[in-house]
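A.B. asks: Each chain, letter by letter, is given below.
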Amino acid sequence: MADRLSEVFAALADPTRRAILARLTEGEASVNELAAPFPVSLQAISKHLKVLERAGLIARGRDAQWRPCRLDPEPLREVATWMEQYRRFWDERYATLDDYLRDLQAHDEETA
Amino acid sequence: MTTEQLTVDRISDTEIVMTRVVDAPRELVWACHTQEEHLRRWWGRGNPLDVEIDFRVGGRYRYVEHADDGNSYAFRGEFLEIEAPHRLVQTFEFEGMPGHVATDSLVLTEEDGRTVLTTTSRFTSKEDLDGMVASGMSDGAQRSYLALDALLRELTA
Chain W
1 MADRLSEVFA
11 ALADPTRRAI
21 LARLTEGEAS
31 VNELAAPFPV
41 SLQAISKHLK
51 VLERAGLIAR
61 GRDAQWRPCR
71 LDPEPLREVA
81 TWMEQYRRFW
91 DERYATLDDY
101 LRDLQAHDEE
111 TA
Chain F
1 MTTEQLTVDR
11 ISDTEIVMTR
21 VVDAPRELVW
31 ACHTQEEHLR
41 RWWGRGNPLD
51 VEIDFRVGGR
61 YRYVEHADDG
71 NSYAFRGEFL
81 EIEAPHRLVQ
91 TFEFEGMPGH
101 VATDSLVLTE
111 EDGRTVLTTT
121 SRFTSKEDLD
131 GMVASGMSDG
141 AQRSYLALDA
151 LLRELTA
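So the protein sequences, as listed, match chains W and F. First residue of the first sequence: 1, per UniProt numbering; consecutive thereafter. First residue of the second sequence: 1, per UniProt numbering; consecutive thereafter.
One side only, chain W facing chain F, incomplete, derived with CB under 10 Å:
| # | residue |
| --- | --- |
| 1 | Arg93 |
| 2 | Ala95 |
| 3 | Gln105 |
Derived by calculation from the structure, the hints in this document are not laboratory data. Think of the CB as a built atom: it goes at the ideal place given N, C-alpha and C, for glycine as much as any other residue.
Take the sequences, apply the hints, and build the full model.
C.D. replies: Structural data, given as structure tokens:
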């Protein structure tokens, strides 16, 4: 029942997974290459990769021996868009409040 | 008059602070946040807004914004603390993402006839979330969108 955004957020909640994504911005990498900088097992890295894959953040090659991972930035764009919406949501609201307060005060002056 | 800048700052893993200055006295800004006739005129960002508001501690509100794309967006919450005309604490939940309840504390300070609005949004709070959100995924989701800027920094480094 989890929506896509929640899945992406959950995937991004972990610093190791964010570091993996950061590494993948430089290009494709194998599981071994991705695991190298981390003091955790290959198994743990594989679990992280599964989470990222489920969230649609990475895609993996089909070759059984060599299954390189690559970044799929599309869900990140969704997240960034969502954050931007949040900001715009409040920005627009305050801009409308400005206009409204100006109207109210202009009206007060007229009737004063 | 230039448009004032809205600032959004992250102050902890779970809290952000928004600050905005408006050119009006505090009493009026307070009225705009607490009375149906005023809320109707601005809260919807220019879109028609349905307002149900029971303005008292423990009272609830529900605002439905009718956007010009034909969609309606509903927001609801409860008033937790009311100290007119300077402090208002309420919960805030977008019905499109139910369970993600923020607690917003609005503080109004007046300076030379202008009002500074400071809203602290707390995105995870055990006392307010009890019985509403318990799953690890929701918790992760809430923590992680606050971690998004860290991610974007890493990705663009």
